[in-house]
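What follows is each chain in one-letter form.
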Amino acid sequence: MSFLWPAGLGFLGLIPGILILYFLRLKRDVRVVSSTYLWKKTVDAYRVNRPFQRFQNHLLLWLQLLAVLLLALAASRPYIEQRQRTSGIHLVLIDQSASMSTREEGGRTRLDLARDFCRELIAGLPGGDRMMVIGFSDRPLMAAPLTSERGALLRGVDAVHPTERPTRIEEAWQTALSVARQFDLSDIYLLSDGGFRALPQLTEAHANVHFIPFGKTWDNLGIVHLETRESDEAQRRVEIFARVANRRDQSVQATVELRVADRLIDARSVEIGAGEEQGVVFERAASEQGMAEVRITGLDAFASDDRAWIPLGGAELVRVVLVGEENVFLKQALAMNPRIELTVVPPADFAKVRGSFRESDLIVFDGADSGPMEQGTCLYLGVAPSAPGFGGGKEVENPTLLKWDAEHPLTRYINFSTLHIGKAVEVSVPSWGRTLLSSDRGPIISVGERGGLRVACVAFRILDSDWPLRVSFPIFFANAVRWAREEDPTTADRIVRPGQPLSIRAPREPQSGKLTDPSGTVKDIAAAGSDRIRVAETERPGVYRMKWEKRPTETLYAVSLTDPGESDIRVPDKIDMGGTQLQAREGSAFVRVEFAAWLALLGLAVLIIEWLVYQYSRSRS
Amino acid sequence: MRRGHSLEFADYRNYIQGDDLRFVDWKLYARLDRLFLKLFMEEEDLFVYVLVDASHSMGMGEPVKLPFAKKIAAALGYLALAGTHRVSVQAFDAALRPALPLVRGRGGFPRVTSYVERIIATGSTDTRSAFTDFRRRLRGTGLVFLISDLLDRNGILDGLKQFLAGRFDVTVLHTLAPDEEDPVIEGDWRLVDIEDGGEVPLSVSAQLLEAYGKTVRAFRGEQQQICQRLGFRYLPIRTDLTLEGMFLHRFREQGVLR
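Quick mapping for you: the protein sequence lines, in order, are chains C and V. Take the first sequence: its position 477, counted from the start at 1, is 477 in the working numbering, and no numbers get skipped. Take the second sequence: its position 46, counted from the start at 1, is 46 in the working numbering, and no numbers get skipped.
Since the hints were made in silico from the structure, they are not lab data. Every residue, glycine too, gets a C-beta built ideally from N, C-alpha and C. Check before you lean on any hint, since a few could be wrong.
[As the list claims (entries may be wrong)] Covered stretches of chain V, as calculated for chain C (at least 3 residues, CB under 8 Å): (1) 145-154; (2) 181-191; (3) 206-212.
Kindly produce the complete structure, drawing on both the sequences and the hints.
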């Protein structure tokens, strides 16, 4: 039995008052007798004439105490929970996201508790009622179909394993609703610790939704964000930026470690206020390769967000095709990035083999135009692009450079003021393009994007300038590769969350490879001409190593939770469902039965009896 | 009873010289050949005093004690008058009230009832004062019937001793009402004495009532002991008794009446 207003029990404080009144005997009725002589003798013998009399078994006293007890209990609104008999169709959604692995008091995880609850539901399933069990994290898991067979349902509950995935309830919710729509009425039990913002409103389905939360602890310190960014062009440093969230209700002193290739590199101590987040920055050389791991030391209730990984050293594999005659400067500039797979094709041969370069990241036309391109990313050097709207005119000499766009991915970090150009082609830029570097003789570097085609144009040939001698030369081509891959200098394409598929860039040459997951399990992967291979087995956070048979180096992939929603292990007491607030446990599997009214009535009845007894005793006296 | 010359035979004794030969039982002489003299009860005027406690306390009880006492007084008066005795009824509280002068013969009974009817309950009990007054007024012999609840805060010993001064045959009819012996009361009360206004606060419980019952029995026993010590007859009565039951059975059993 529990109480909705436990303060109501404070009325029990009246009981001592009643007892004191009884003992003090403050007011008495007068009765005239023939003589008090005999009474006095009796009383003297009995010693009743004291301020406090001995406790006497008095019916009125007991009745008054009983009345106060009943009324105090009624005021405190006691209730019990009874198993509810409802629609007969029970749809149970069990949250199996990462945060459900949080350990609660007693060492059991929230998922353990939720599964126990579901087992209780199954045990109490009335005959003829049917139940369906759906697990969900970032995707639904049909654990048990709609059935009344308890064995199948229990097996389904067992199949709802803990995952390291974030919470995405929408798909599971729609699955449940699609089943609910088939019945006039159903009950949907949402066994979760929250982690989702809102549920869509019920549409075309009549269902009682019961949100049953699991978990009480707030004890978590987690890495909610991790990224790398270049810090300084000149020094070529990379910042590893981690954001650590403290979900506890008091500030903590946390130690955040950086490890590269399992070696402790650096450690920072940060103080994080209650409920706040704090950024931690580590700096490394941009040329450093390997996997960086950021780790929070110390134990908390939720371990999955205490470690996060991020690869260092740029993209995994970049395919660049150079169409043109031999150009040493250009080859060297591109070869600076060890992950570039460079293919040089003479202009005369390009037309024959262009179909095979469809999945290249970048095609560089060095003074050669090999016909219009329909898609892909192309960089034209000293020649106007064969793209609609772009046009080439006469050659101009010694153009004076005027201004450039320092923000664009192609031209950032570059100072063109020292560049001298002997001659250049006069290029007209269409409306869908823009000029990044302009001169008094027209655009020098321009860029455009239309449909699947991305075009960049440098209006002069490398050898017609002193650019190869300038620092900006290799930076430009490094920028060009990143721009072509549409990527930051970070390694975003090699970071996924648990459960999300890894998209591994396959080499063009057919070969086999091995993917090793953090537990050491090796998965064989074959490259057979396709550009990318998707690997779905990414449940376990950590470092995944891809080694292709014919490539010297392995590519590292990181699987990290880094999800602010999952790290926030606080359990809401209500959730929003289509604008209405669904209170936790409201209309849960157990119906809350209040009996305050009955207690109050009983208390009043006792009071009436007490009054009658009092009147009766008076009349007899 | 003194031996005398009434018609009521009392006893035999041996004849001694000088006795009146008219009283010799000749039939007995014929049978036994010895002379026996027949003795007869002496007929003389017997004075019967009925003292009725008319204090406030006698106006209490259920049934009320005073009417019951008045009935007994009238009945005793009648019996005495029927026995050709002289009867006086006297009410008292703290002192003797004006008495009914001695009346004789059945024709005097209306005077007895008239007196008895006029008795009302008032005043407080003081047996010593009242009976001292009685002793001073009467120096003689007779039967005294005292009808009272004996609720004298100072006790009755000193009062009863006053009867020893004369040659009185005293019968104490200790009258209590049933609700004084076994009160039906519960709860919290402030009991007020009707005579002296004294108060006793009480929280009545079963245990207290039991203790009170013991006190009443002890009180009865105490009064009985006093009477026995003084050679008086003690008769406890309750107002729920019927007059028939009392006169025909209780009084005869106790030797008050023959």
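So, going through the hints one by one against the coordinates:
no.	hint	result
1	145-154	holds (count 3)
2	181-191	holds (count 8)
3	206-212	holds (count 4)
Going through the hint list in order, the structure satisfies each hint without exception.
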